[in-house]
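**Student:** The residues making up each chain are set out below.
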Amino acid sequence: MALLRIDNLNAGYGPVNVLDNVSLTVDAGEIVAMIGANGAGKTTTLMALSGIVRPRNGSSVVFDGDHIESLPPHEIVRRGLAQSPEGRKIFPRLSVLENLNMGAFTRKDRPGIAADLAKSFAMFPILGERKHQAAGLLSGGQQQMLAIARALMARPKLLMLDEPSLGLAPQIVVQIFEVIRDLNQQGMSVLIVEQNARMALKFAHRGYVLETGRVTMTDAASVLLTDPRVRAAYLGE
Amino acid sequence: MKPYRLGWEPAIFAMLLAYPLLPVFESSFFALTKRSLGDQMPTVFIFAILALGLNVVVGYTGLLHLGIAAFFAVGAYVAGILTVGAYPFGAPFVVALVAGTLVAALLGLLLGAPTLRLRGDYLALVTLGFGEVVRFGLKNLDAVTAGAKGLSPLPPPTGPEVGIDWIGDYRPFYYLTLLLLIGVSVMLSNLERSRLGRAWIALREDELAANCMGLNPSKLKLAAFALGAGLAGMAGVLYATRLTSTAAPDAYDFNKSVFILCCVILGGLGSRPGVLLGVFLLVGFDNILSPILDTAIQQTFPSNESRIYRTFTGWRLSIFGLALILMMRFRPEGLIPSSRVKHELHPDEAVAMTVHPVTLHGNRREPEGQS
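Chains G and U, in that order, give the protein sequences. Per our numbering, the very first residue in the first sequence carries number 799; after that it's consecutive. Per our numbering, the very first residue in the second sequence carries number -5; after that it's consecutive.
Hints listed in this document are in silico derivations from the structure and should not be mistaken for laboratory results. You can take every hint at face value.
Distance ranges between label pairs, derived from CB positions:
id: 1; chain 1: G; residue 1: N815; chain 2: U; residue 2: R325; range: 45 to 51 Å
id: 2; chain 1: U; residue 1: G177; chain 2: G; residue 2: N815; range: 51 to 57 Å
id: 3; chain 1: U; residue 1: T307; chain 2: G; residue 2: P813; range: 52 to 58 Å
id: 4; chain 1: G; residue 1: P909; chain 2: U; residue 2: R187; range: 17 to 23 Å
id: 5; chain 1: G; residue 1: E1009; chain 2: U; residue 2: L58; range: 40 to 46 Å
id: 6; chain 1: G; residue 1: A800; chain 2: U; residue 2: W2; range: 58 to 64 Å
id: 7; chain 1: U; residue 1: R187; chain 2: G; residue 2: E976; range: 34 to 40 Å
Coverage of chain G stretches by chain U, computed from C-beta distances (three or more under 8 Å per stretch; other residues unrestricted):
id: 8; segment: 863 to 872
id: 9; segment: 893 to 907
All C-beta atoms in this analysis are idealised placements derived from N, C-alpha and C, irrespective of residue type, glycine included.
Bound-form chain G, shown alone (with noise of 0.2 Å):
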């Protein structure tokens, strides 16, 4: 059974739909990418699984056996579905560790959040030798880091991904979609939103194409590396 399963995900904001019956699914184990241009609805459609922006009705989206459509979005975090958001979006002002903290703000288990952080500090040790450093200071490539290793404390089952690679210079973008692979590797199941395609198609495992709301194309992330149409559109070849 899929981790993930949207079924006719519909979802805008006031009068303007920007999704227009999505359907995807995740399963356990994998990486999924979400690529499409500016404006698809790729960072709505995380919106709207995070409880962000409401799913209208009618919207259909099982996550790990249960319905959260309609939940809240520190419910849906509890249920262990987490988002690091487009633009890193950390506190600058807090502490990187204060950051991983706000991370796990939804669990109580203080053991358990212990051993998150020691985790997070071994996958990431610029972030423990800088830990009482405010995150405004930490580079692009760090704040990013903090973003996904913020979005783990909440030792989700899905990590959700927006646009990781966003202002990053190339070879740091490399580095962290190594990094997202490692984490895969480990048993961490990514859906991951992207405008940088041939990245988030070279490490995930299925794509979804996303034009204007609605899902055009759906396939192995290598047949659609290769698809003619993408390579034009969204390849630049």
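Since the structure of chain G is already known, use the hints to place chain U on it.
**Tutor:** The following block gives chain U in isolation, referenced to the frame of chain G:
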């Protein structure tokens, strides 16, 4: 968590606690100005509690609140209704103190529940409007609030049988208000380092991200609103008891709200020691320094004309305005900024504070030999 450093705050509190024990200061101050410093200080302490309450809302949580005076008024009037002889309650001071705090906090919840989805300027306007509504309400509900006259006389905190002289001796009130201020300050310093305190700051920094982390913004904002209002209510009870009158409703107008906001901004948004300093400077200026200077001016230039510009008090608002403009130009983070705010307003200095200039590349991987 960062190690807790004892700043100069405990030292200041210790000095304030010691002041009445050393009558030499009081008597020399009195000789200088014909005024009692000890008599003025409770007002400063009361406004400090009020400003600390506002700081919870504006400083920690980042919600612009322009109606704090309304909750101050509610505390004062609850105390008035519960203790003034014209009403049937005749409650003791402690009951009034608790009730004033709780009623104001409850009112904060009632105002907050429908309005906290508003942001920035809109919320500011609603709080401003609410402040005025409360003031006009108090003025026009004469059956309950005695209208424009205000309620009086409030009895002193203890009855005659206890044998404390609340009128002739400044010390009982001095200690009552100072101890409450210290209590509030200690509570807030713990709160700042608690889960709730950090959640407020996270919310101020980035509401969307906070929401993604599973923080519940409405609940957190309501908590901040209620705590701020409750502290304002507590200050109101003390204020009315101190004056033995609730004063007229017009004492709790928009100017009062802005004045308290000025204290918070001057001292440093979100910084507890800063807010205390801001209150000591501005309230101290109003209640202690300017009367002294007025007397000095009149003694130095005796004249039958007593025009307002010949008094220092007449220039009060001009001086406040100038001070705030200078502050915003040269030290926007406040006199004693919270370290978090400083990072944002002076990024260059903040960068100089980094201790580990390590590259991302060199530190990403696991230590060698673990692969």
